[in-house]
Amino acid sequence: MTNSLKKKKARKASKKDAAFGKGKATITTSTAFKSKSIVLPNQSLDPKKESVQILSNISLLRHHSSSNRKTALHHLLTAFQRSQKPNSNAHPFPPSQFFPSIAPLIVDSDQGIRKQLYSILEDFPHLIPSQAKIILLYIYSAASHIQADVRRDSTKFLKLLLEICPTTVISGPGWEKSLRVILNVMGWKQPDQATRAIPDYTVSDPTINLPALFLLLEEGLEASHANARDAVPEHQKHLLDPPDPGVFDYLNLFGDLDVKGSIPNDQPARVRWLVKGNPEILKTMRKGCKSAKKASGDQVRWAGKIEGLLDRFCEIKEEEEERFVRFKRVHTTPRDMVMTMCW
Amino acid sequence: MPKRKRAALVKLTNLPLLQNLIRRDPGSYRGDFLTQYQHYEAQRDLFLAQPEGYKSDDFVELMGFMAQVTSCYPDVASSFPRDLIHLITERHAVLPADIREKVVQSLVLLRNKDVISSSTLLESLFPILTTTQSKALRTQIYNTIISDIRSSNTKAKNHKLNRTVQAVLFGLVEGGKNDIDSTVGLWAVKITRELWRRSVWDDAKSVEIMKECALSSNPKVIAGGVRFFLGVDKEKEEAVDSDDDLPTATDRAKITYTAQISISSKKKRKLERAVQHMKKKQKQASKPHPLNFSALHLLHDPQGFVESLFAKHLTKNTKLPIDLKLLVLQLTSRLIGLHKLELLAFYSFILKYLTPRQKDVTQFLACTAQASHDLVPPDALEPIVRKIADEFVSEGVASAVAAAGLNSIREICTRAPLAITPTLLQDLTEYKGSKDKSVVMAARGLIALYREIAPEMLKKKDRGKDATMGLSAGTKDKLRFGEEKAGFIEGLELLEEWKAQQKAARKEAKGETAEGEEGDDAEDEDEDEDEDAWGAWDVESDEDTDNEGWIEVESDKEIELSDSEDEDEKKKPATKKARKALEAAQEKEDEDGDDEEKKTKAQTEAEAAIKEEERNISKLAMTKILTPADFAKLAELRAQAGLAKATGTSLRTHNEDAVDTNRIEGVSFEKADKAARLAKVMEGREDREKFSSKKGKKLKEKAHSTTNKEKNRKKNFLMVRPHARMKQKGKLFSKATAIRKAGKQNKGK
Numbered sequence: 001m002t003n004s005l006k007k008k009k010a011r012k013a014s015k016k017d018a019a020f021g022k023g024k025a026t027i028t029t030s031t032a033f034k035s036k037s038i039v040l041p042n043q044s045l046d047p048k049k050e051s052v053q054i055l056s057n058i059s060l061l062r063h064h065s066s067s068n069r070k071t072a073l074h075h076l077l078t079a080f081q082r083s084q085k086p087n088s089n090a091h092p093f094p095p096s097q098f099f100p101s102i103a104p105l106i107v108d109s110d111q112g113i114r115k116q117l118y119s120i121l122e123d124f125p126h127l128i129p130s131q132a133k134i135i136l137l138y139i140y141s142a143a144s145h146i147q148a149d150v151r152r153d154s155t156k157f158l159k160l161l162l163e164i165c166p167t168t169v170i171s172g173p174g175w176e177k178s179l180r181v182i183l184n185v186m187g188w189k190q191p192d193q194a195t196r197a198i199p200d201y202t203v204s205d206p207t208i209n210l211p212a213l214f215l216l217l218e219e220g221l222e223a224s225h226a227n228a229r230d231a232v233p234e235h236q237k238h239l240l241d242p243p244d245p246g247v248f249d250y251l252n253l254f255g256d257l258d259v260k261g262s263i264p265n266d267q268p269a270r271v272r273w274l275v276k277g278n279p280e281i282l283k284t285m286r287k288g289c290k291s292a293k294k295a296s297g298d299q300v301r302w303a304g305k306i307e308g309l310l311d312r313f314c315e316i317k318e319e320e321e322e323r324f325v326r327f328k329r330v331h332t333t334p335r336d337m338v339m340t341m342c343w
Numbered sequence: 001m002p003k004r005k006r007a008a009l010v011k012l013t014n015l016p017l018l019q020n021l022i023r024r025d026p027g028s029y030r031g032d033f034l035t036q037y038q039h040y041e042a043q044r045d046l047f048l049a050q051p052e053g054y055k056s057d058d059f060v061e062l063m064g065f066m067a068q069v070t071s072c073y074p075d076v077a078s079s080f081p082r083d084l085i086h087l088i089t090e091r092h093a094v095l096p097a098d099i100r101e102k103v104v105q106s107l108v109l110l111r112n113k114d115v116i117s118s119s120t121l122l123e124s125l126f127p128i129l130t131t132t133q134s135k136a137l138r139t140q141i142y143n144t145i146i147s148d149i150r151s152s153n154t155k156a157k158n159h160k161l162n163r164t165v166q167a168v169l170f171g172l173v174e175g176g177k178n179d180i181d182s183t184v185g186l187w188a189v190k191i192t193r194e195l196w197r198r199s200v201w202d203d204a205k206s207v208e209i210m211k212e213c214a215l216s217s218n219p220k221v222i223a224g225g226v227r228f229f230l231g232v233d234k235e236k237e238e239a240v241d242s243d244d245d246l247p248t249a250t251d252r253a254k255i256t257y258t259a260q261i262s263i264s265s266k267k268k269r270k271l272e273r274a275v276q277h278m279k280k281k282q283k284q285a286s287k288p289h290p291l292n293f294s295a296l297h298l299l300h301d302p303q304g305f306v307e308s309l310f311a312k313h314l315t316k317n318t319k320l321p322i323d324l325k326l327l328v329l330q331l332t333s334r335l336i337g338l339h340k341l342e343l344l345a346f347y348s349f350i351l352k353y354l355t356p357r358q359k360d361v362t363q364f365l366a367c368t369a370q371a372s373h374d375l376v377p378p379d380a381l382e383p384i385v386r387k388i389a390d391e392f393v394s395e396g397v398a399s400a401v402a403a404a405g406l407n408s409i410r411e412i413c414t415r416a417p418l419a420i421t422p423t424l425l426q427d428l429t430e431y432k433g434s435k436d437k438s439v440v441m442a443a444r445g446l447i448a449l450y451r452e453i454a455p456e457m458l459k460k461k462d463r464g465k466d467a468t469m470g471l472s473a474g475t476k477d478k479l480r481f482g483e484e485k486a487g488f489i490e491g492l493e494l495l496e497e498w499k500a501q502q503k504a505a506r507k508e509a510k511g512e513t514a515e516g517e518e519g520d521d522a523e524d525e526d527e528d529e530d531e532d533a534w535g536a537w538d539v540e541s542d543e544d545t546d547n548e549g550w551i552e553v554e555s556d557k558e559i560e561l562s563d564s565e566d567e568d569e570k571k572k573p574a575t576k577k578a579r580k581a582l583e584a585a586q587e588k589e590d591e592d593g594d595d596e597e598k599k600t601k602a603q604t605e606a607e608a609a610i611k612e613e614e615r616n617i618s619k620l621a622m623t624k625i626l627t628p629a630d631f632a633k634l635a636e637l638r639a640q641a642g643l644a645k646a647t648g649t650s651l652r653t654h655n656e657d658a659v660d661t662n663r664i665e666g667v668s669f670e671k672a673d674k675a676a677r678l679a680k681v682m683e684g685r686e687d688r689e690k691f692s693s694k695k696g697k698k699l700k701e702k703a704h705s706t707t708n709k710e711k712n713r714k715k716n717f718l719m720v721r722p723h724a725r726m727k728q729k730g731k732l733f734s735k736a737t738a739i740r741k742a743g744k745q746n747k748g749k
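Chains as they are written, first to last, in full-length UniProt numbering: chain Y, 1 to 343; chain F, 1 to 749.
FYI, nobody ran anything at the bench for these hints, they're computed from the structure.
Keep in mind the model is a prediction, meaning the values are calculated, not measured.
Fair warning: there could be bad hints in the mix.
Stated by the list, open to error - When the alpha-carbon atoms are kept at most 20 Å apart in a straight line, the in silico DMTMM-like pairs for lysine to aspartate or glutamate are as follows:
| no. | chain 1 | residue 1 | chain 2 | residue 2 |
| --- | --- | --- | --- | --- |
| 1 | Y | Lys133 | F | Asp45 |
| 2 | Y | Lys6 | F | Asp45 |
| 3 | Y | Lys85 | Y | Glu50 |
| 4 | F | Lys340 | F | Asp45 |
| 5 | Y | Lys8 | F | Glu710 |
| 6 | F | Lys160 | F | Glu123 |
| 7 | Y | Lys287 | Y | Asp266 |
| 8 | F | Lys319 | F | Glu123 |
Okay, chain F solo, but in the shape it has when bound (with noise of 0.2 Å):
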């Protein structure tokens, strides 16, 4: 046949050049594509014929070249993707490397082109996760696993998808529950925690697999799902903070160009640095509270799971490792306090731990305080501080273990501040006269705790001004257990008060333009006004009528631990004040009712302040929802009248917290050694290229012609004399003209 010209334009010697042509237009190379097919099914007989000694290059290109065009002749190469599934499954154990990384990176990329379907590729990849030898093998479907996950997330939540993997994952960790050796479990942590951390899966069900982890045998896993519940949160707002913490250049061109600067280095750096500084802050304000979804609050039984928790991991199974065992230990206390659980065996098994010379005795001192809550029997901790008291705070240990005693008792007294005897109480706060400081500090500590919820405990001298007029004038409520206080709203009269104004001045304002209608109109305003502010946040369920939610979010907000002394009265609930105003006067009554003015005094004030608390309350909390946009209001009037930094410590939250070692091992005073302060110059200096100046270092780095400084060094000094004496006599010459100078000024004056 007659040879064309054209047609040693589309001569094909590649495949590169062949796939281009089929991307462009499949309808005309069918042909071709079926060749490759063919030629592809002879080199896939050829491998499976021949395994070892065969050259894989062409297979693993054609394999590449399939996968791009297979999604365009779906009707021919229907076999391709059931092809490598059935090649990987059944074979990855001896497959080459290059071939199992080529056949699931083609998987992949049928994936990403909707040739198989997201199920299909994770159903056939999960098991080989768990079987194979090959590290890096595991590490590529691990990857391909989160990122499938991942990409098929983004725009909305695939929940069929997350709930296919994570019945697959709960499945695998319950097939491995009872069994020491098996690791499989270990998978379902790793995935889980990485799909948690990035917020793709933050659901009741991914909490579900970790506790299953967590109750599991094989110690690996157990570790997993233990840490997961103890430090994930934070790990994912860290997550999210380290996506988009890096300031942008248009940021930074867009700040130097309002500070009208041009940038040095060092002025870039500290630009960079504020800018860091001011994200954060925009972030935290604008942050929901971690606490509304994390882990611990998804768990579905927290009674139950704390319950064989213990039974499992600490009473029963003793080949634990110790570490290990801290580790449960610290997730089963973190969940007693935090849920307000009730599990006394509990402190009776602790209670062996609390000893000096344990190892890591802080973190068991810090799991003991995390583990008390108001609603623990003060029976069951009793002996607890008691002991601590016995065995940490004596004459003979030495000040760092008495001031770690003293610090944990305080941790467990501000959670249930009953279970401390005022005599016990007032043998500790003794120790505020210690020689050492840190004891001294934690004694204080201790003091001021007990100064704010029950000073009638302390000694008199300890009480302080506040506590004894308190205490005189019977608004100190006393202690009982089990009781809880009622909630309230800080602030919420300065709200009353300024929303007040604000009608008024409208009122005003249309007064002026227009008498007469009034009364109908101005609430018509005022509920425009309200669904405004609904309407400008995007909320989420308008229906909800019970306003509990939204104060909850912004008073846990306000969280901040204080122990500074002078705390205000303000925090107090001012309705219990009132009424135990009212209370303490008629006990005086009846006590001695000689003195009738004091009575009629007390009982006036005492009345005045119920009335004035009542109309507050009633008022605004309990007619109207508030709108976000009156929190926001309330928060900004808050802090006008300086009430910010006095919403400190109110009993009701402390259980939620971790307790922190640093907070039972207190601020130590003593003097570091050598050793101890080199080390920290050296961490300062860790990234740091060069110590010295770099004065004549550019110099030295090539090769240069001598310069005149170092010609002058090199000179002979008795050439160089005359010129510096010269130099001297132009320093005292000037230096006696000053001095002249200024005598005449003095006597001038």
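Same shape as in the complex, but just chain Y (with noise of 0.2 Å):
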């Protein structure tokens, strides 16, 4: 016998027999060890430790399983209530991350997390109106997304912005943003924008739709924020603080603002704007308010508010005219700009 057919041989041999069932159970476990102490690392208190959960869940928002993402939620919501509490020794996580954070879920696919996402947003109006500007920016996002249900919900959050921080929406362009976005969710279409072959009816909640609307123009067409400024005389108006911090933002002394469609940031500007340079705008609100009145309930009576609104405003009165030329002459040249910025 050859050298390599022993060698083969002595293998074969020491191979057991591998049929199912015949060989015994091999698998013990190890009790040879012994210890003092058991560490688990995950049960540990440390903050370092706990910034690195967050971020890891901050980056688990983008799953793309939808109950990862719920979870991710759910635990960046604890960390924050947890921050959030007088003398805790918790991880900081201040609102500035927070919001941000989870503001891209307005977008998500999922209708739970959307829910939850809105019932978070709800359970802090207070800390709302310092990140409202990227809130928005998502909120118009969601209103033409592709998926039909983001498009609906993004109404509801568009109304939770108008009750918590009406300001902040209606300055700059955010006024005829959110008011174009609106009428494109509500399927409020203008005669230029042929509608599609079959229309999708799946899209509007008029429940909602409707009071986000009705809010959405009484902030920016009543003039009701001109409220402690009328005690000042009108001669030293010019000495106070600007109103609104984006004054100017139309006349986009910085670049990259859309100024295709802004207005300047005033109430008469913006019925202006409305009745004379957007007509068919205000045609079609009133066509839609018409068309909701024939339906039951709610609806009729905000469509009836809306109406009213715009019954009231449909025409500029004199007076107004005149103070929106004076308006302009004195504040449009950027130089104005910056002395007001000095004062």
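Got two chains here, separate frames each, mind docking them using the hints?
In structure tokens, the structure reads:
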């Protein structure tokens, strides 16, 4: 017998019979080691670990599985709540980090998550205004999302924001944009936007849309915000701080802003824009209201309210026109803007 | 509202679906598009509001969607391209890589769909190309630019676009011309070179750009520009070759069908090689002469260019690295040789590099040879030749050095025969008796050269039979500086003869059918035929009456360098020969008037030669414009007459060629050492996978049962022995019978 053959035989002999159920079980637990304590790493309360966890949960918000996103959101919420408690030694998790990280869930495809997010936002009305801009951007994005249910829910969020911090929503180009967005979601299309061959009827939820539209119009068109400034005599008004941080946003001094639709940030200008500049939008709204009135219940009430609002502002009064012109003359040059800022 | 059944059919859940629907029916889905456009704007604002930590997938997808369908709604989405351009020009430094890539892709798509113009695209991408730090983006933009220019030049040259791009590139180069650190010119070099290589640009303007590059200050840009002039024409040819060199499947099938063979792999390889060879030959035959549009020929002011090159990089700029200096030197010398320029400072400049210890001295020698031509004053070249002779060709130096020296002197003298004095020449020719073969060959080369151009400068014994006979007959010209020799068409008499034959044959044929009308008719026919000949060839300018161009193209093609000693007399201009013969005869008459008979004989001979010559030339070349068909026939006739090989060296064309360093180094006869031999062997093995035979390797690859052969090998010796013995015996028997048979046959004889 050759050497190699011998080796082969030896190898064969050493192999155990691998047939099923014949061999003896070899899996055993080794109990040879001894230890005084058992340490489990995930029970630690180390704040450093917590920060890592927060970060991982933030990244998990983009996970493809909706259940993972849900749990991540839950974790983040608890971490945020813990950090908001006074005198807590938890890892700091400021709103400026929390809200922007959960805001993308407005465009989430899962309805349950959107619901959860809505309830979270509802719970912190005092913290939202500082983060409203970024949330608003996500709302716009959701309003034109390709999924119908995402689009439908976007007005819910918009309504919430309008209730909490109306000034942020209507400042700058926000009012016009929000208006266009709502009309788009409601399916109140302007004549030039030829409708699809087969319209998508699942979009609209008038019980939310109509109140949201009403709120928006009311905030934008009612001159209620000129409150404390009215007490100051007219000739000293220019010495005051500007009523809104972005008074001259429409001048687009720093680029990047979408200038196309921006209108001056005051009430008469908005009225002018609606009545003079875009009568077709006005027309669409009236038409929409009329058709909404044919339905029942709350819808009729809200449609009536909106119509009343529109009736009140359908024409510009002479004095307002005059004021607008004066405002333009005084404030339009960039030099004025700089001077205002210096003051 | 009631949910209709049909609505479910088009429930839009993703962009590709919508894109498909929009493509089919843009009108009906306008509203959906507008919604998506809003979405895009929202996403863009979001992205701009918080660039970091933004999940860009949606934005990227949306951008692709918009780019695909924007062309369907030009009225609504006109701002989309503007948006993209704004985004990439303002923020290319901070954009995430995927978005950057997508933006460029979308712009290209928009360009392909004709939403934006080519110039808009290029104008927006060019500034980024030169400023961005990202390599990936640069490559992408570079490829985009190249392919865009190529595609817009495919059908016909887009001169407007080319002009704008060339102007931009020129501006780039000129902007950084005097700044050592500015490398923006490199992009001009890269783009121009690539487009030139692909024959998209082949005009003087692109050459001007490269000229500007060669004269700039940054070493990299200089190298790019100079390399362009030195190598780009060759590159272009290679690119053209590689484009369609591969034989197509149909070609192969055709060949196999006509050859009626079934093909084994070995045969296939052979066939492919044959096909390639054939194709190459065909292409070479049909190719126009490359010098017609070479970059060196398109230069506007070669003299000015060379002067500024020399002044800027060679004499003043001492910081230039030596290898780059060498490149510049090569270009300078090439231009001097090609255009026969005068740059006397060059020769004294290069003198200091001509020592055997100089690094890359063969290249310097080659440059020297390139820069010499017959219009350089011999005074300028003589010191060079003398220095080479002193430093390279002496007893003390290695044989390779001596050979290089002799070869370079030969190359110089081929171009400028008056650069050497007879005494020096005679000294150098003594090296034909050297022990080293390469030196001997070099010396012989020198002798062969002067046998042909100026045998009187050689020693008597070196002149050879032909040259000596020529000298004694007085047909050899004495060399004079600045003398231009008259051009002639070789083998023209053959063509004339053939034409006469043809005419006669036609006349005969006609004469048989109908006698009478001859002259006019025949001539008419001749003209008709001429016209046909012109028509058959696609000629660009029919009005071009001077036939100079045609002649040049053909004669250039025939250049063939050969240093063989047995070169024919035939290539000498016969007019010269004849005139010289006459002169020599008259001289002799003056010298010794006693031999009357000889004199008259020489004179009559010479006169006859002149007459014959005049007849030859005046008839065809002077009265007619030769058609391309004529030239084709001429080449054929010449080949028949065996003239093709003898068309070799004519002085006039030498200066146009580059000098290869191989010609300077010559052939080395030194035995290679073991390492070199081994290296050569390994080089041959590079592409081979397995070195040994394939025997038994197939079986090893897989598990197999024991074969009979393997079993036999393991058998006990004693078991096998009887069989082996039988075999041996059998062999013995058969041998014995064979021997016996042979013996019988021999006996029978």
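Hints, one by one, checked against the model:
no.: 1; hint: Y:Lys133 to F:Asp45; verdict: holds (11 Å)
no.: 2; hint: Y:Lys6 to F:Asp45; verdict: violated (77 Å)
no.: 3; hint: Y:Lys85 to Y:Glu50; verdict: holds (16 Å)
no.: 4; hint: F:Lys340 to F:Asp45; verdict: violated (65 Å)
no.: 5; hint: Y:Lys8 to F:Glu710; verdict: holds (18 Å)
no.: 6; hint: F:Lys160 to F:Glu123; verdict: holds (14 Å)
no.: 7; hint: Y:Lys287 to Y:Asp266; verdict: violated (26 Å)
no.: 8; hint: F:Lys319 to F:Glu123; verdict: violated (36 Å)
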